[in-house]
Amino acid sequence: MRARAPSLRRRLVVQLIVLSAGLAVALYVAVRLGAERASEATLDGILGAATSTIAEELRSVEGGAELDLSPGTFSMLAAMGEERIFHRIDINGLPVTGYADLPLPPQAPTALQPVFYDAEYRDADLRLVAVARSLMIENRAAPVLVIVGQTREGQRAIALGLANRAAALGLVVFLFAIPFSLLSARTLLRPIGRLAEAVGRRGGHDLRPVRHPAPAELAPLVEQLNAFIARLRQTLAQTETFIAEAAHHIRTPLATLRSEAEMALRQAGDEPTRARLRGMIRATEESARSANQLLDHATVLFRADQKAQDRVDLGAMARALAERFQPTADLKDMEICLSLPEETLETSGDAVLIEAALRNLIDNAVKYSPADSTVDISLVDDLGYARIEVTDRGRGLGGETQAALAQRFRRGANVGGVVGSGLGLTIVSETATAMGGRFALAEREEGGTCATLWFPRSR
Amino acid sequence: MRHALVSTLALILSVTLAWGFETEAERHFGPENAPRIRVLGTTDLAFFSPVAEAFLAENPGLGIEYLQASSQSVSLAVDAEGAPFDLVISTAMDLQMKLANDGFARALPPDIVQRLPGWARWRDRLVSIALEPVVLLIAQSALNGQPPPRSRRDLIALLRDHPETFAGRIGTYDPRISGAGYLFLTQDARMSDSIWRLAEVMGRLDARLYCCSGEVIEGLIAGDLVVGYNVLGSYAAANLPEGSGVLVVPMEDFTITLQRTALIPVNAADPDGGAALLRFILSDVGQDIQAQVTGGSVMRPESFTSQPWLMPIRLDPGLLSTLDTMTRDRFLAEWTAALDQP
Amino acid sequence: MRFLLIEDNADLARSVRERLEMDGHAVDHAASLSEAEDHLAVAPYDLILLDITLPDGDGRGFLQRQRARKADTPVIVLTARSAVSDRVDTLDLGADDYLTKPFDFAELEARCRAVLRRRGGTVTNLQSYADLVFDPMGGFVSVAGENRDLRNRELRLLEVLLSAPGRILSKDQLCDRLFSLSEPVSDNAIEVYIARLRKKLEGSTARIETVRGLGYRLTGG
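Chains as they are written, first to last, in the UniProt record's numbering: chain G, 1 to 459; chain H, 1 to 342; chain S, 1 to 221.
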């Protein structure tokens with residue numbers, strides 16, 4: 001099995017989706033941290049100010065200190081999401097009011113610098129601030145420590161809510177990213193598809209360079225494609241030239257040989273020489289046919305790959321071929337009967353190949369038919385197909401199957417004496433297949449062969 | 001029927017006395033062997049009973065054990081004693097708030113919390129079950145045909161002008177003993193300075209100090225008192241007999257309005273039972289029963305638009321500031337000083 | 001008839017020319033296109049036999065120029081190129097017919113005749129012997145002025161006999177002229193056609209005699 005290269009579209013889509021998922025997560029984390037930090041700073045400011053206010057409300061009175069805690073201060077501290085509040089006031093290092101067991105700050109605050117700290121107290125996570133001042137009690141400066149702590153559940157809930165909203169936004173972005181990435185993958189890849197379509201739409205003979213507008217990124221591909229087309233064009237031209245040249249170089253000497261032999265035959269008197277000359281002519285003939293068919297076959301193979309789409313009028317072609325074969329048939333006093341429908345039957349394909357196939361069939365029919373016989377060529381419409389039948393009254397197939405006959409270099413066992421290379425039927429069969437048609441060969445009950453070709457009718 | 005129920009008190013009393021806090025009354029509702037929802041409250045047994053009975057009627061097979069105690073005792077029981085009650089109801093909003101703040105209250109089921117407006121709950125720990133105005137009671141006889149005072153200033157003028165009528169016959173809470181009394185006074189002080197002048201006047205007239213609204217009302221009924229200041233309106237409405245000649249006067253400068261609050265302690269043995277009872281109290285049925293019992297003085301929020309002088313006490317940690325010992329000491333010292341005029 | 005043979009292979013050209021001359025045609029040979037142009041400039045031709053691959057150019061170009069010039073001398077292309085595509089091209093360019101090398105002389109003759117016939121045969125080359133009149137191009141035979149309908153092989157047999165009246169032609173010689181060399185021929189095939197021809201020519205003063213052991217000859221009286 002061939003490993004499938006990963007699809008570009010899938011790669012693009014996956015990358016875009018991963019990117020947007022990453023963005024969503026980053027958004028969540030950033031918003032959560034940002035919101036927590038921002039609100040923490042604000043709340044610390046409020047807490048610090050409230051605590052300083054409480055510290056300032058401490059008054060020195062006879063026998064100690066006096067405090068009037070303002071409900072407003074506490075209300076304010078609790079306002080953000082109904083937080084819990086704890087306080088503690090120490091004078092001379094001893095708790096005098098509030099929660100005596102409220103945790104002390106990690107380091108002592110100064111009058112200038114309150115200390116903020118976190119601690120756990122009574123099943124709650126507290127944010128605390130400690131503020132220091134001094135108070136004259138009984139004529140001595142007594143250090144005073146005011147600690148106020150509050151829970152930050154509301155703040156956390158708000159930060160979490162914000163982060164969740166951000167995450168939801170991220171999720172929405174993520175969800176939008178899926179169709180969007182599919183869309184953009186399609187948009188990005190569309191030029192490739194268009195290019196492929198433009199190249200695919202070309203006919204087999206269209207070997208012009210690709211001029212279809214393509215994005216800059218595809219330019220190297222188009223360039224390479226064009227270079228390849230140029231090379232292909234050159235190779236094809238060389239192949240065609242080679243086939244033509246080979247044909248020329250084989251046939252010309254054969255033609256000379258044959259006509260010289262024929263001349264010699266006419267002039268020769270003694271029978272052994274004549275027999276030799278006949279043999280020579282026959283051999284020449286055979287080489288020529290083989291060469292013809294080999295070259296024909298090479299051409300068929302070469303052209304079948306090019307997928308030309310000409311409109312071919314099969315009736316006109318059959319008529320032209322029948323006319324062309326008439327002189328050859330006349331030599332054997334044979335008749336070629338043509339039966340064509342009134343309507344024009346057309347197929348689309350390579351006219352040269354179709355002509356070669358049909359010519360081979362008629363050539364076979366004329367060649368294998370006895371003198372004074374008739375070759376029938378008929379063309380009919382057969383359920384969307386154009387059916388061409390070439391019927392002769394020759395020797396038939398000699399019991400061989402069509403498949404075997406169509407194999408390259410095989411000849412019917414009963415051709416004795418008739419020159420042929422056996423490639424003729426192969427050419428016909430391959431052409432029919434290449435044109436989307438079919439070829440069948442059948443022996444007729446009354447003797448002879450019926451060769452049938454089907455080509456799809458074009459609309 | 002009430003006598004039969006009261007007779008069971010002695011037995012229960014002996015059991016609950018094992019706790020260090022003082023109770024004023026107790027009662028068991030429902031079948032003897034039924035699982036009990038234990039309720040601790042400042043609410044008078046008489047007020048609580050109809051609610052409990054209605055609840056049990058809906059939930060046969062349950063029992064309720066109710067202990068009535070002063071607000072200080074209620075707070076102490078939950079806080080220091082850790083007594084395992086399933087529902088704690090108190091008029092002392094500050095003490096309830098402190099319990100909740102200090103982590104003694106359990107989170108209430110969301111269905112209870114979410115139905116309540118923001119002003120009627122603190123977080124999901126403490127909820128308001130009734131609004132109660134704090135009123136002035138004055139005997140018609142003391143007015144001498146004059147209209148009743150509509151504000152503290154009127155009251156001060158009235159008391160000052162007729163010392164012969166009011167001397168020794170003014171009753172109010174002793175804030176040093178009563179949590180509710182302290183709360184009302186601090187709220188008064190927060191709203192206006194007139195309370196200090198009133199204190200001075202009441203001091204001069206030898207005002208008598210009581211632990212509870214009930215005693216002030218009794219004094220008025222008995223004729224020993226002619227003025228009761230800062231009395232819970234619901235008690236007055238329920239306890240003043242027809243034709244007692246005592247007027248319930250809302251102060252139109254401001255009338256402190258209390259929220260009776262409930263919480264479920266963290267160590268409740270049957271928090272679901274407590275929640276079920278609380279849910280019933282908050283339901284329309286429960287609220288109607290309370291309104292009937294207290295003669296309509298349990299107010300609905302609508303009252304605040306028709307009586308703009310109603311000043312609700314905010315259910316928030318601002319209540320905690322007056323509980324600070326130094327603040328409390330200073331406040332009570334100031335109040336005592338104002339009252340004990342030489 | 002006058003042929004112009006344009007063919008660069010000297011050997012092939014020689015044998016084709018000899019062969020055509022043997023049949024009584026006049027043949028001018030041009031080894032290149034320029035030579036061909038020279039010939040065409042000075043003499044009219046009945047038929048041009050044109051090779052495609054020539055030293056000084058492509059036969060198809062020549063064909064195109066001929067047709068562009070409205071010169072309508074029939075052209076039969078003798079091609080050695082790959083058969084498949086060239087055929088169609090050359091016919092499209094105005095060739096009357098084509099033959100792929102190597103070719104059978106009999107077929108060449110047949111095609112020449114067919115082309116000339118198709119072109120409406122302005123050339124008359126009537127042969128007569130005794131009371132026979134024969135038009136080899138038109139395939140027309142009359143006996144004492146009476147038209148006889150002969151088939152192709154019968155005509156060709158008559159033509160061969162008429163080419164050497166009075167001479168004895170062996171069976172082999174006749175076979176070589178009558179049948180394609182690539183075709184198997186039975187010994188009595190000639191006898192069959194001789195019999196047919198005699199029957200067709202019945203009543204004529206010309207007769208086909210059998211010379212036992214030697215062959216046949218045409219005699220007329």
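It is worth saying that the hints were derived from the structure and are not from the lab. Beta carbons: idealized from backbone N, C-alpha and C, even for Gly. A portion of the hints provided could be inaccurate.
To be verified - As a list, the in silico DSS-like pairs of lysine-lysine whose alpha-carbon atoms are at most 30 Å apart:
no., chain 1, residue 1, chain 2, residue 2
1, G, LYS332, S, LYS171
2, G, LYS367, S, LYS200
3, G, LYS332, S, LYS200
4, S, LYS200, S, LYS171
5, S, LYS199, S, LYS171
6, G, LYS367, S, LYS171
7, S, LYS70, G, LYS367
8, G, LYS367, G, LYS332
9, G, LYS332, S, LYS70
To be verified - To list a few chain S residues with every Cβ distance to chain G over 10 Å, as calculated:
no., residue
10, HIS25
11, ARG69
12, LEU78
13, ALA80
14, MET137
15, GLY166
16, ILE168
Q: Could you check the structure against the hints above and give me the numbers of any it violates, in ascending order?
A: Numbers 7, 9, 12 and 13, in rising order.
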